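Engineer: Please arrange chain L with the ligands on chain E, whose structure you already have, making use of the hints.
Line by line, the protein sequences give chains E and L. Numbering follows the UniProt record's numbering, in which position 288 of the first sequence is assigned residue number 288; successive positions increment by one, without gaps. Numbering follows the UniProt record's numbering, in which position 24 of the second sequence is assigned residue number 24; successive positions increment by one, without gaps.
Be aware that a few hints might be false.
Intra- or inter-copy, both count: the list cannot distinguish identical chains.
[Stated by the list, open to error] Think about it this way: if two alpha-carbon atoms lie no more than 25 Å apart in a straight line, the pair counts; the simulated DMTMM-like pairs of lysine to aspartate or glutamate are:
hint, residue 1, residue 2
1, K344, D44
2, K344, D294
3, K107, D126
4, K137, D117
5, K344, E325
6, K180, E255
7, K344, D61
8, K180, E163
9, K344, D64
10, K107, E264
11, K180, E132
12, K351, D35
Hint data in this document are derived by calculation from the structure and do not stem from the laboratory. Because the structure is a prediction, the values reported are computed rather than measured.
2 protein chains.
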Amino acid sequence: MATVAVIGDGQLARMMQTSAIELGQSIRLLAGAQDSSAAQVCADVLIGDYTDLADLRRAVDGADAVTFDHEHVPNEHLQTLIDAGVNVQPQPAALVHAQDKLTMRTKLAEIGAPVPDFAAIESVADAETFFERVDGKVCLKARRGGYDGHGVWFPDTIEELRETVTELLDKGVPLMAERKLAFDRELSAMVARTPSGEVKAWPVVESVQRGGICVEAISPAPGLTPQLAGQAQELAGTIAAELGVTGVLAVELFEVDGRVFVNELAMRPHNTGHWTQDGCVTSQFEQHLRAVLDYPLGSTEAMQPVTVMANTLGADTEAEMPVAERVQHVMRRFPHVKIHLYGKSYRAGRKLGHVNVTGRDVAATRREAQLAAHFLTDAVWADGYLAHETK
Amino acid sequence: MATVAVIGDGQLARMMQTSAIELGQSIRLLAGAQDSSAAQVCADVLIGDYTDLADLRRAVDGADAVTFDHEHVPNEHLQTLIDAGVNVQPQPAALVHAQDKLTMRTKLAEIGAPVPDFAAIESVADAETFFERVDGKVCLKARRGGYDGHGVWFPDTIEELRETVTELLDKGVPLMAERKLAFDRELSAMVARTPSGEVKAWPVVESVQRGGICVEAISPAPGLTPQLAGQAQELAGTIAAELGVTGVLAVELFEVDGRVFVNELAMRPHNTGHWTQDGCVTSQFEQHLRAVLDYPLGSTEAMQPVTVMANTLGADTEAEMPVAERVQHVMRRFPHVKIHLYGKSYRAGRKLGHVNVTGRDVAATRREAQLAAHFLTDAVWADGYLAHETK
Ligand SMILES: Nc1ncnc2c1ncn2[C@@H]1O[C@H](COP(=O)(O)OP(=O)(O)OP(=O)(O)O)[C@@H](O)[C@H]1O
Ligand SMILES: Nc1ncnc2c1ncn2[C@@H]1O[C@H](COP(=O)(O)OP(=O)(O)OP(=O)(O)O)[C@@H](O)[C@H]1O
Chain E
1 MATVAVIGDG QLARMMQTSA IELGQSIRLL AGAQDSSAAQ VCADVLIGDY TDLADLRRAV
61 DGADAVTFDH EHVPNEHLQT LIDAGVNVQP QPAALVHAQD KLTMRTKLAE IGAPVPDFAA
121 IESVADAETF FERVDGKVCL KARRGGYDGH GVWFPDTIEE LRETVTELLD KGVPLMAERK
181 LAFDRELSAM VARTPSGEVK AWPVVESVQR GGICVEAISP APGLTPQLAG QAQELAGTIA
241 AELGVTGVLA VELFEVDGRV FVNELAMRPH NTGHWTQDGC VTSQFEQHLR AVLDYPLGST
301 EAMQPVTVMA NTLGADTEAE MPVAERVQHV MRRFPHVKIH LYGKSYRAGR KLGHVNVTGR
361 DVAATRREAQ LAAHFLTDAV WADGYLAHET K
Chain L
1 MATVAVIGDG QLARMMQTSA IELGQSIRLL AGAQDSSAAQ VCADVLIGDY TDLADLRRAV
61 DGADAVTFDH EHVPNEHLQT LIDAGVNVQP QPAALVHAQD KLTMRTKLAE IGAPVPDFAA
121 IESVADAETF FERVDGKVCL KARRGGYDGH GVWFPDTIEE LRETVTELLD KGVPLMAERK
181 LAFDRELSAM VARTPSGEVK AWPVVESVQR GGICVEAISP APGLTPQLAG QAQELAGTIA
241 AELGVTGVLA VELFEVDGRV FVNELAMRPH NTGHWTQDGC VTSQFEQHLR AVLDYPLGST
301 EAMQPVTVMA NTLGADTEAE MPVAERVQHV MRRFPHVKIH LYGKSYRAGR KLGHVNVTGR
361 DVAATRREAQ LAAHFLTDAV WADGYLAHET K
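Next comes chain E alone, as it looks inside the complex (with noise of 0.2 Å):
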């Protein structure tokens, strides 16, 4: 059977690897650490280090497909491989797309997706030209490494502005700025695409961030329109083929006034998709290897009406209670609740996990995934609840 390597150690990598072993394959890992989230699930590691042109090569001697659970590889040491025959997916020329804020809305104005209006910043003339040109309405990002929030800035006043700029230039971040956008609410549209050409989508999800981490994803999105899904799904899709996007697309979007704006893309499993594991029919995980494979896609209908994922995130505070207690205690109160553990060490605002949560009310299945999540770090249930009631 064939082997895909894997380049990172995360919890994408771990999680595509409990897909890889039901068909038949196992990952081939490429990680920094032994004990990191991927590696302690994996048989097949190299410890290495994925900026190294050498460990690349020894992480992919003999793998059919070569995919990512990140994108800080760098894109020269990606066309050394190509160059040498190695089967990279997706490559460079998407990949890029997911690595520069700029290159990406770049790209997309050009293919007429939509997009909040945008300008390079390389000067802060250019940040007080943008300042003027939305009516103060700035969002200020790093074009490339943000994540969770990182690397996004909301200056309220010019002056405000100046200084961000100046500072941030001044470190040497290249940097962008875009229209701040009064959404009603976010959306992923998520796809996957194979080498040759094959497109499928899964049903579109609301996604709700909290401090620019993503909190929670909503299967199907609550009261969107089939109109506006369809349309998200096929701009996924079309995002998907003109960037030459191979494996999994999610595409991060605004929803404003019934109409989409695209704000972020990731080429690889992502969290929005997670609920994918229990409430649909093909896992994005699955899809992923198949797709870098090109295999066939499998299919991406739900299981149930409604699928709501909650990410279990690490509180400022470790709970006393032991975690393998907290899990239980979670069991004994939401027998149907799917959890889902990456096996990393406890960090304040470090993503540990997520549950899944399939049912047939958007509230109670929401409330019920919520209760879960955050018990499994604080070991309290948020609706009072008591604990002695779930011994």
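Structural biologist: Frame of chain E; chain L with the ligands shown alone:
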């Protein structure tokens, strides 16, 4: 998080690993070989011999619970481990009933569970007496070590019975006989039970056997009356409690004129429970881990009206088409079929994998599962569908 040590390296251990990963755990494995089905996909593998106490000791050191993917670990070794404080689940006191068909039937008769009329066969005279008692309707069985129909004989005449018994007793095979039933079909009632005594039952499935091997499982068993389904579930729960089973228990049943008789017990995940991976909120592999760790059990609700599991068995000669290509044909024709492969080398009659298909219509779902499972070994569509149509 907790560590479960699994003794055995087959597909059951392999599939426990996929569930363990998502629970934030990872299996500790005692495997016979590094290229075995389970060892291929686990990070923490000890190569050793499960009949060797020293190897067992090393494998279970520090594990929160110890469990099995087969019934062949010597009970005296397990008792030694238990005496040393190791948490073995299920325990030998329960396991004996899955290891010896006569012990099992004697116990079941004692607790009032329905079993076909049976007797120990220690001499040809015993066999003759039993032959008379059941009007020649004899099923002769090796008490220990049978699997997939090996160790089961149906002598048609008293001469044949005498011959077979003489031959087997000479070889030192301990024997029993039971009444050969003209059953309507075979069912499987599966439950999980924790050391604390929580029990949860899955829907009762119909199991289709060919040559003593389970080839298909249909959930729920078509046309089974709610009364009989409830009886079968209750029976399985009673057996689990009375025998002190922990983890998953499969009770294989014969349905005869609206009644059930127990044929066989397995105290581990079972072939007739594979459908739960894709058709049920909680798979038997996750449930087994939860049960042996004494965690609360998960919901056993079905995700769809029908789920069919079909086994992929090695044919007499392997198809020329590489297996990775066969997989792609199946994926192309049936985007919603779930393929599970065990990473095993080809051998005629060997269980190499299975497929699960969920749906609404029993006949259509069975047809798809059978077509897919057969194509995975034969590279032929049994319904004449043309290969080039799935290119
Ligand atoms: N143009 C905008 N207008 C209004 N809010 C915005 C805009 N761009 C970003 N935001 C807010 O900031 C959050 C983080 O932005 P963005 O997704 O670009 O950052 P990121 O660090 O790349 O995050 P991720 O890791 O989710 O990709 C968004 O979820 C949104 O809430
Ligand atoms: N008493 C009986 N009457 C009629 N047929 C029987 C009887 N016992 C067994 N069989 C047939 O033989 C098959 C194999 O029997 P049994 O399940 O006991 O064997 P096994 O080798 O232990 O199989 P498994 O691996 O499925 O547990 C059964 O599935 C059934 O078809």
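Engineer: When no copy is specified for K107 and E264, does a C-alpha distance of 25 Å or less occur within a copy, between copies, both, or neither?
Structural biologist: Within one copy, since 12 Å is at most 25 Å while 64 Å is not.
Engineer: Given identical chains, is K344 near D61, meaning Cα to Cα at most 25 Å, within a copy, between copies, both, or neither?
Structural biologist: This pair counts as between: shortest inter-copy Cα distance 23 Å, intra-copy 28 Å.
Engineer: What label fits K344 with D44 when the C-alpha limit is 25 Å: within, between, both, or neither?
Structural biologist: This pair counts as both: shortest intra-copy Cα distance 19 Å, inter-copy 17 Å.
Engineer: Should K137 paired with D117 be assigned to within, between, both, or neither, using CA atoms and 25 Å as the limit?
Structural biologist: within (11 Å within a copy, 84 Å between copies)
Engineer: Using 25 Å as the alpha carbon limit, work out where K180 and E163 are close: within a copy, between copies, both or neither.
Structural biologist: within (18 Å within a copy, 89 Å between copies)
Engineer: As a check of your reading, is K344 near D294 (CA-CA no more than 25 Å) within one copy, between copies, both or neither?
Structural biologist: between (31 Å within a copy, 23 Å between copies)
Engineer: Should K180 paired with E132 be assigned to within, between, both, or neither, using CA atoms and 25 Å as the limit?
Structural biologist: within (13 Å within a copy, 90 Å between copies)
Engineer: Is it within, between, both or neither when you check K351 against D35 at 25 Å Cα-Cα?
Structural biologist: Within one copy only: 16 Å inside, 34 Å across.
Engineer: Since the copies are identical, ignore which copy is meant and state whether K344 and E325 lie within 25 Å (CA to CA) inside a copy, between copies, both or neither.
Structural biologist: within (16 Å within a copy, 37 Å between copies)
Engineer: When no copy is named, should K107 and D126 be tagged within, between, both, or neither for a Cα gap of at most 25 Å?
Structural biologist: within (20 Å within a copy, 85 Å between copies)
Engineer: Given identical chains, is K180 near E255, meaning Cα to Cα at most 25 Å, within a copy, between copies, both, or neither?
Structural biologist: within (13 Å within a copy, 67 Å between copies)
Engineer: I want to check one pair: K344 and D64. Are their C-alpha atoms no more than 25 Å apart within a copy, between two copies, both, or neither?
Structural biologist: between (29 Å within a copy, 19 Å between copies)
When the structure is compared with the earlier hints, no violation turns up for any of them.
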